[in-house]
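Residue numbers (my numbering), protein chains in the order written: chain A, 1 to 128; chain B, 1 to 119.
Some clues are possibly wrong.
[To be verified] Short derived list, chain A residues pointing at chain B, Cβ under 10 Å:
1. A9
2. L10
3. A16
4. L30
5. V43
6. I53
7. F88
8. E98
9. G106
10. A114
What the hints contain is simulated information worked out from the structure, not anything from laboratory work. Fair warning: this is a prediction, and the values are worked out from it, not measured in the lab. Glycine included, C-beta positions come from ideal geometry on N, C-alpha and C.
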Amino acid sequence: MTTWTIIAALVLGGAAGVFSGLLGVGGGILFVPTLVALGLGQVEAAATSLLAIVPTAAVGAYSQRRYGNLRVGPALAIGISSIAGVEFGVRIATRLDEELLRRLFGLLLLAVAAQLVVRSRRRYPASS
Amino acid sequence: MGSPLWRLVAIGLVAGVFSSLFGVGGGIVVVPLLLLATALRAHEATATSLGAILVTALAGVALYGLRGEVRPAYAALVGAPAVAGAIVGARLQQRLSGRTLTLTFAALLAALGCWLLVA
């Protein structure tokens, strides 16, 4: 590892954290490619990304609790049930066309993004 | 709380299925579902998503950790600056209106959607 790759990893890690605290995502979208670029295999990168997400999400959630935004009960309900969802997803993943699935998911995300824009106009009518 | 438990459980299940199918984190799925299917405001939805991700990631680490796939030194390299980043991000978020936050999230989804279509 050169000094520059370490600096790049630190910068990308920091950016992932900002995304996480700002938008409520884990940051894996940035962690995984960064770890792969550092030489880890796909599975190792995904596993290591999860370990990096733990303190990031913990500190982000703690900050948000202090700001009064965190709903602990719903967070636990969603978090625990998603573990069951992962188990189910792994079982059906092997039976489906991955390429097609990914494109459909891409379309779905675009549709949801459009829906959020429409919703935000209705929910926050005053222009800010 | 206001949101029926079955809805939260359904959101968690859907997030889990999607994250294992597409390798995206749960937040991409949890935040919009919370915004569209519950009464949570944008700041609450993103904060609650982080709490849910913490639970899921802990379970994932335990699972992968048992199989020896986790590399702690690498996790520290990207995770340490990410912790600092998360504090900055959460703080920054408090300055945004609910509308701006929702639209910013929609932009992230749209970018990711395009990338999934093209890649």
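Evaluation of the provided hints:
1. The criterion of a C-beta within 10 Å of any C-beta in chain B is met by A9/A, whose closest approach is roughly 5 Å, and the hint holds.
2. The beta carbon of L10/A comes within 5 Å of a beta carbon in chain B, closer than 10 Å, and the hint placing it at the interface holds.
3. Because the smallest distance between the Cβ of A16/A and any Cβ of chain B comes to about 5 Å, under 10 Å, the interface hint for this residue holds.
4. Taken as an interface hint, L30/A checks out: its beta carbon lies about 8 Å from the nearest beta carbon of chain B, inside 10 Å.
5. Using the Cβ-Cβ criterion of 10 Å, the hint placing V43/A at the interface with chain B is satisfied: the shortest such distance is roughly 6 Å.
6. Annotation: interface hint on I53/A holds; nearest CB of chain B at approximately 4 Å, less than 10 Å.
7. With a least beta-carbon distance of about 6 Å to chain B, the hint placing F88/A at the interface is held under the 10 Å criterion.
8. Annotation: E98/A was flagged as interfacial toward chain B, and the flag holds, the nearest CB pair being 8 Å apart, inside 10 Å.
9. A hinted interface residue such as G106/A counts as satisfied when its beta carbon comes closer than 10 Å to some beta carbon of chain B; here the least separation is about 3 Å, so the hint holds.
10. Satisfaction of the interface hint for A114/A is found here, the shortest Cβ-Cβ separation to chain B being roughly 8 Å, below the 10 Å cut-off.
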